[in-house]
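Trainee: Below are the chains, spelled out letter by letter.
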Amino acid sequence: DTAVSQTPKYLVTQMGNDKSIKCEQNLGHDTMYWYKQDSKKFLKIMFSYNNKELIINETVPNRFSPKSPDKAHLNLHINSLELGDSAVYFCASSQAGGGMNTGELFFGEGSRLTVL
Amino acid sequence: QQPVQSPQAVILREGEDAVINCSSSKALYSVHWYRQKHGEAPVFLMILLKGGEQKGHEKISASFNEKKQQSSLYLTASQLSYSGTYFCGTRNYGNKLVFGAGTILRVKS
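So the protein lines, in turn, are chains A and B. If you're matching positions, the first sequence starts at 340 in the numbering used here and goes up one per residue. If you're matching positions, the second sequence starts at 1498 in the numbering used here and goes up one per residue.
Only chain B is shown next, with the shape it has when bound in the complex (with noise of 0.2 Å):
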């Protein structure tokens, strides 16, 4: 069952703040995100496990209310490098890691 992200598309100016959001139907063991540029492959950002955690890397930081089966991404004072599409990717008790449709970031100057 493919998580859904909200919204679908965000245009910031540098040094604004943005939230990712990504919910599922189903319990989840394990929240992935990813963020690809364009022509590029999916990189890595972060994994948030089952318990509710908080996470941060550099600007960028993620909570999952695993009751709520939901993901956010906390994008803080965007930069120009931010630009990309930013994936959730859900696991519940397996090892399929499956993928919602994307949210695409614009950061312009």
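One chain only, chain A, in its complex shape (with noise of 0.2 Å):
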């Protein structure tokens, strides 16, 4: 059983276009995040939920809407998609303990995302 499943793995498709990524963890953690990866690999984090509760937004464009359903479950809606939304999107998921979220990430295998 996959931790931490992405689905679709690979999308390539046409700027101006919308698309979804979905994640799913069978973790029972309570935090689940998405990160975008670039072409220099740099791990940037866009959003975190809590329990279903959006707590952390970084300066992304409002194009991109995360959504949690449960707190299985991260989706990511991207709208009219632009060249540089072009990277590796990976969802992870955590453990909050004593007040303080200190648990190790599980990632899932990411979604690489080609805009032409």
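Hints should not be assumed to be uniformly reliable.
In silico DMTMM-like links for lysine to aspartate or glutamate, alpha-carbon gap of 25 Å or less [claimed, not checked]:
(1) B/K1593 to A/E443
(2) A/K358 to A/E443
(3) B/K1523 to A/E448
(4) A/K375 to B/E1563
(5) B/K1547 to A/E363
(6) B/K1593 to A/D369
Bear in mind the hints are in silico, worked out from the structure with no lab data behind them.
Each chain sits in its own coordinate frame; assemble them with the hints.
Mentor: Structural data, given as structure tokens:
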């Protein structure tokens, strides 16, 4: 059983299209994240949800909209795709403890988005 | 605030040692270390919490100097399987884990 699974693994699309990436974790974790990894391998946090509540919302274009229907799922919808959105998007989850989230991140396999 | 990692890249022969450094301009609660192999997801290596501890994981260990806001990852007697990009991630007093730019490690036979 995959702990954190993302679909699709690959997305190739034209500029201006809208696309979604889905993520599910079966670890029972409270917190889920979206990270973007660009061509220079820089891992940048985009969003984080804790028990369906948005707790981290970085400076990301509002074309990106996360949604968490329940604590095991976190989806990412991207409107009006641009060339610069091409990247690998990683979903991750972790477990908070003792009032401070010190938990390790478990990453999904990544979704490689290519915008033409 | 993104932590600063050094060096950017290092090439080793099998059996050699390496140190990767991570420093932050902000007070830290914890430091994480991850390794990412090409085409794969980052994988957790270890976490160090405020308290200046040192941890070990096989021949990979790390230290955390809370006062200097620095952490170092030590790889001893490197193996081919150690090749990859190493990321430190830092948390101050919040939920956000911010990663450094990564250190590319290549171990040659």
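Trainee: The structure should be examined with respect to each hint, and the outcome stated for every one.
Mentor: Each hint tested on the structure:
1. B/K1593 to A/E443: 12 Å, holds
2. A/K358 to A/E443: Violated, at about 29 Å.
3. B/K1523 to A/E448: 31 Å, violated
4. A/K375 to B/E1563: With a Cα-Cα distance of about 28 Å, the restraint between A/K375 and B/E1563 is violated, given a limit of 25 Å.
5. B/K1547 to A/E363: Given pair B/K1547, A/E363 is violated - Cα atoms ~31 Å apart, limit 25 Å.
6. B/K1593 to A/D369: 14 Å, holds
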